[in-house]
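Between the sequences and the hints, there should be enough to build the whole structure, so can you do that?
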Amino acid sequence: MIMSRPLARVRSSLSWWPALLLATLVLLAVFAPWIAPVDPDRQNLLGRLKPPGFEARGQLFWLGSDELGRDVLSRMIYGARVSISVAFLSVMLSGIVGVSVGMLAGYLRGPVETVLMRLVDIFLSIPAILLAIITVAVLGPGFINVILVLALTRWPRYARVAYGQTLALADRPFVTLARAMGASTPRVLFTHLLPNIAGPLLVVATLEFGLMVLFEAGLSFLGLGVQPPTASWGSMLSTGRSYVASAWWIATFPGLALFLLVLSANLIGDRLTDQIGKGR
Amino acid sequence: MSLLAIDDLAIGAADLSLVDGVTLSVEPGEVVALVGESGSGKSLTALSIMGLLADGLQRQRGSIEFDGVDLTQLADEQLRSLRGAELAMIFQEPVSSLNPLAAVGDQVAESLIVHGRSSVADAGREAIDMLRRVGIPEPERRARQLPTELSGGMCQRVMIAAALISRPRLLIADEPTTALDVTIQAQILALMSALAEEANTAILLITHDMGVVAEMADKVCVMYGGRVVEQGPVEALFATPRHPYTNMLLKTIPRLDEEPGQELFAIPGNVPSPRDWPVGCRFRTRCDRADETCAERPALTGQLHQVACHHALRGDA
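Residue numbers (my numbering), protein chains in the order written: chain G, 132 to 411; chain R, 653 to 969.
Quick caveat, the hints were computed from the structure, so don't treat them as lab data.
Careful: at least some of the hints might be erroneous.
[Unchecked claim] To give a feel for the contact side, a few chain R residues facing chain G, derived at Cβ under 10 Å:
1. Ala665
2. Leu668
3. Leu704
4. Ala706
5. Ser733
6. Arg735
7. Ala737
8. Ile742
9. Ala773
10. Pro799
11. Met811
Just so it is clear, CB atoms sit at the ideal spot from N, CA and C, and this is done for glycine as well.
What follows is the structure in structure tokens.
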């Protein structure tokens, strides 16, 4: 498409905002104790359900207060910690497991391939949220368990992609040459093959990151995620739901933050897909 | 004792015979050419020495002795410790045979690092030195580049450097110059043999170019249909080819002293697919000397100059 030059410039400067937004949210999460106006767990029972901009005892509630008089803005900033760290760690864990499984299956072939890939098929056929609920019911809720649950349900995605990519590259002459040089199987897999399949895997990981943010919120919304009083966007949505008619701000702002975080992750993923498409 | 002694090697898939009873030997420091058309089993023989046959192909019988040790009896890990260190291999496609995302210097140093022969820093220095020796200008800068930034000829030099950096005892070169420009082919071959000679490395050279054979090889082994049909010292084989196939192969080389305008010689027919190989001598469907005795498989006979044919040419001598 032919675009006029000023328009193209606007477009290219706009293309930076997902990365910028993601960076901002990560910074907010990391430096939450210095940025949040007040302690996110401090209750103010006299200042319950106050609208944005309300001032009480010299404290300004920028985004209002919740049903226990806690500052919504502070809880959101602390909630970003949960969302981002759970999403990041579960992407890492499921990625490591899934990529290892997929690469081993694609490289070793034979019975290893059959067993591992049928396992992947089985996991892919179980509804993720059902598997998550069952696992939390067994393990109990909590920060670590949420990460384990998400990794358990999502690793097959990476396994599928890594498997296909490995299969496509395993017969290439450079892999045979690496073996002819005496490289061991782990070395062939991780030093020679992994960098060559990293692009598509990175795209999957980015898109999965957005999905993991939503999954964590979903689990917390159902009460299966991070437990109170720890602030999380999902649990804020959950409690805010009861007050939507009278105190819209409790659910609206975390929902908005969730939307922006997922959107920016997905836009970055789309851009990576385009970049890799160009590189090929 | 021979450096490499292959005896009665057979390779195939489940019900398919692709290489059938190959016997050949390579002495230390010697250059042996393995010649034949596409599909004659040259590359499979080479890959089976390295233990790198593709999935679905297996060695069906025979032994491959390297320095007195039967490679076919070694555990994977033992064979791996020989690959890259004692046995090295270079391939036909120089660009796609190098890892597209690894720096050239790292790939040259690979076998040193894999076998723990040097520290990573020393291996890097040795790799730059090796790149210089294979004639790559500015080796310090080139070592940090990716294979895609180099020409095909440069990449082949890099592969030779990577194969010879550990001073292997045997180098298997699978059509090392086929993908290169004619002008570069001679340079690459000269470089390869000079470096190999320096390290007393024997070369098993796989090719279908009789010109290359005449120039490089001490010994020639001609394959057809997965079998050795003739082998012997290069002078004897070129002067008095005894198998009709070798004879035709040599006749296909255009000569400068021929009358201009003459039609070029071609061997009649095509190589049959492995499923349709005739019983007995596999060349008999294309051979002008074939008769009913050829339905029986001819044995490889002779001392230095061996041939497998019931109607071998006596030669002029």
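| Which of the listed hints are broken here? | 1, 2, 9
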